[in-house]
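Protein chains: 2
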Amino acid sequence: MPKLVDHEKQKQLLAEATWRIIRRHGMEQASVRHIAEEAGISVGSLRHYFATQSELFAYSMQLVSERVDARISSLSLSGPPLEDMKKVLCQLLPMDEDTRSEMEVWIAFTTKALADSSLKAQGDQVFEKMRLGINSIIKALVELDLAVPDLDVDLETARLHSLIDGLATHAVINPDSMTPDKLEELVTHHLKSLCKSKKTQKEQP
Amino acid sequence: MPKLVDHEKQKQLLAEATWRIIRRHGMEQASVRHIAEEAGISVGSLRHYFATQSELFAYSMQLVSERVDARISSLSLSGPPLEDMKKVLCQLLPMDEDTRSEMEVWIAFTTKALADSSLKAQGDQVFEKMRLGINSIIKALVELDLAVPDLDVDLETARLHSLIDGLATHAVINPDSMTPDKLEELVTHHLKSLCKSKKTQKEQP
Numbered sequence: 001m002p003k004l005v006d007h008e009k010q011k012q013l014l015a016e017a018t019w020r021i022i023r024r025h026g027m028e029q030a031s032v033r034h035i036a037e038e039a040g041i042s043v044g045s046l047r048h049y050f051a052t053q054s055e056l057f058a059y060s061m062q063l064v065s066e067r068v069d070a071r072i073s074s075l076s077l078s079g080p081p082l083e084d085m086k087k088v089l090c091q092l093l094p095m096d097e098d099t100r101s102e103m104e105v106w107i108a109f110t111t112k113a114l115a116d117s118s119l120k121a122q123g124d125q126v127f128e129k130m131r132l133g134i135n136s137i138i139k140a141l142v143e144l145d146l147a148v149p150d151l152d153v154d155l156e157t158a159r160l161h162s163l164i165d166g167l168a169t170h171a172v173i174n175p176d177s178m179t180p181d182k183l184e185e186l187v188t189h190h191l192k193s194l195c196k197s198k199k200t201q202k203e204q205p
Numbered sequence: 001m002p003k004l005v006d007h008e009k010q011k012q013l014l015a016e017a018t019w020r021i022i023r024r025h026g027m028e029q030a031s032v033r034h035i036a037e038e039a040g041i042s043v044g045s046l047r048h049y050f051a052t053q054s055e056l057f058a059y060s061m062q063l064v065s066e067r068v069d070a071r072i073s074s075l076s077l078s079g080p081p082l083e084d085m086k087k088v089l090c091q092l093l094p095m096d097e098d099t100r101s102e103m104e105v106w107i108a109f110t111t112k113a114l115a116d117s118s119l120k121a122q123g124d125q126v127f128e129k130m131r132l133g134i135n136s137i138i139k140a141l142v143e144l145d146l147a148v149p150d151l152d153v154d155l156e157t158a159r160l161h162s163l164i165d166g167l168a169t170h171a172v173i174n175p176d177s178m179t180p181d182k183l184e185e186l187v188t189h190h191l192k193s194l195c196k197s198k199k200t201q202k203e204q205p
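Same order as they appear, the protein sequences are chains A and B.
For the record, in the first sequence the residue sitting at position 119 is 119 according to the numbering used here, with numbers rising by one throughout.
For the record, in the second sequence the residue sitting at position 153 is 153 according to the numbering used here, with numbers rising by one throughout.
Bound-form chain A, shown alone (with noise of 0.2 Å):
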């Protein structure tokens, strides 16, 4: 089906237009005519693939969880968990130019969604996926009888899920000093404090 594919890979063009007026010039000058001339079509050209701004503005932020998924979908997990788990944590972190630019955009969508109910929804469903996927590594610990005793899960859950957010912030606001090489050191040492020292680990039956 060509054609189909070629509407699919025509929004993705539109949404990557998108992001490029969003980091240049900010959300206040993404109209649908700036988004059209930067992409090179015609602003009624742009309406046949998208309605509406709302309608381009939820694609352009649901791709940027799409390329997510994608990153984490292709890693190879084979280490140790520790350091499995952090690969895929980095993933949600500005660790690269593209990766950056995501969360610039991601930033300015979810700053946008809290004045505009359309936008909303789509972030609330990103925000909970995340949430379940961070939800899942805390379990992980307590399933691999890493984590230190009584560890409480929801709270460790919401714990990390908040740092991880500031420190993709962190990083875009300020990457002389949040660099990737930093973000992946207090990632580590975040997941090691939810461990029991290795010689706790040791003295296990």
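Since no wrong hints were added, every one of them can be taken at face value.
With a Cα cut of at most 27 Å, we get these calculated DSSO-like pairs of lysine-lysine: (1) A:K196 x B:K86; (2) B:K120 x A:K182; (3) B:K192 x A:K86; (4) A:K192 x B:K192; (5) A:K198 x B:K198; (6) B:K86 x A:K192; (7) B:K182 x B:K196; (8) A:K198 x A:K87; (9) A:K182 x B:K129; (10) B:K192 x A:K182; (11) A:K139 x B:K192.
Since the hints were derived computationally from the structure, they do not count as laboratory data.
Once you have looked at the hints, place chain B on chain A.
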């Protein structure tokens, strides 16, 4: 100097009108015309206080940070150290309607600053002030001999700073699950996780 006082008061009223527009309609609608209308004055009168939209935004951003400072200064801190530290950190989080409004506006300004260099300096200054405040809390844990052995002050400053900003964002995006009680619980839990266990503390000479 009643005239100077009035001048400052009027600037605050305009900043508050800016906050209301941003919260209700988003940054895209925060034009000088809309803000003047919301404040009940003419665009010409507004220009008397702020020559440009950038000046108005920089002042409005600054005012959020001054309100936080004022709240922290007015705290009565005489309890156990961890309790006092929690009280200070909670001033950086949306614990009621007023502070929730401040944080929403703060997030909108921070996002705008990503693509607007005129706001970036203001944002960086507040970011650094907040980092220093959090750094002094971490250093106090060490100086009061409450901290776990070998605590890395810079790493823990970066972790707590990111956590606080992540919690503030989650409480704004998702107030039903990230309630004030939950925020307090998470801050207390994090501070305790940086401390020696009571048993170890008693073992000290």
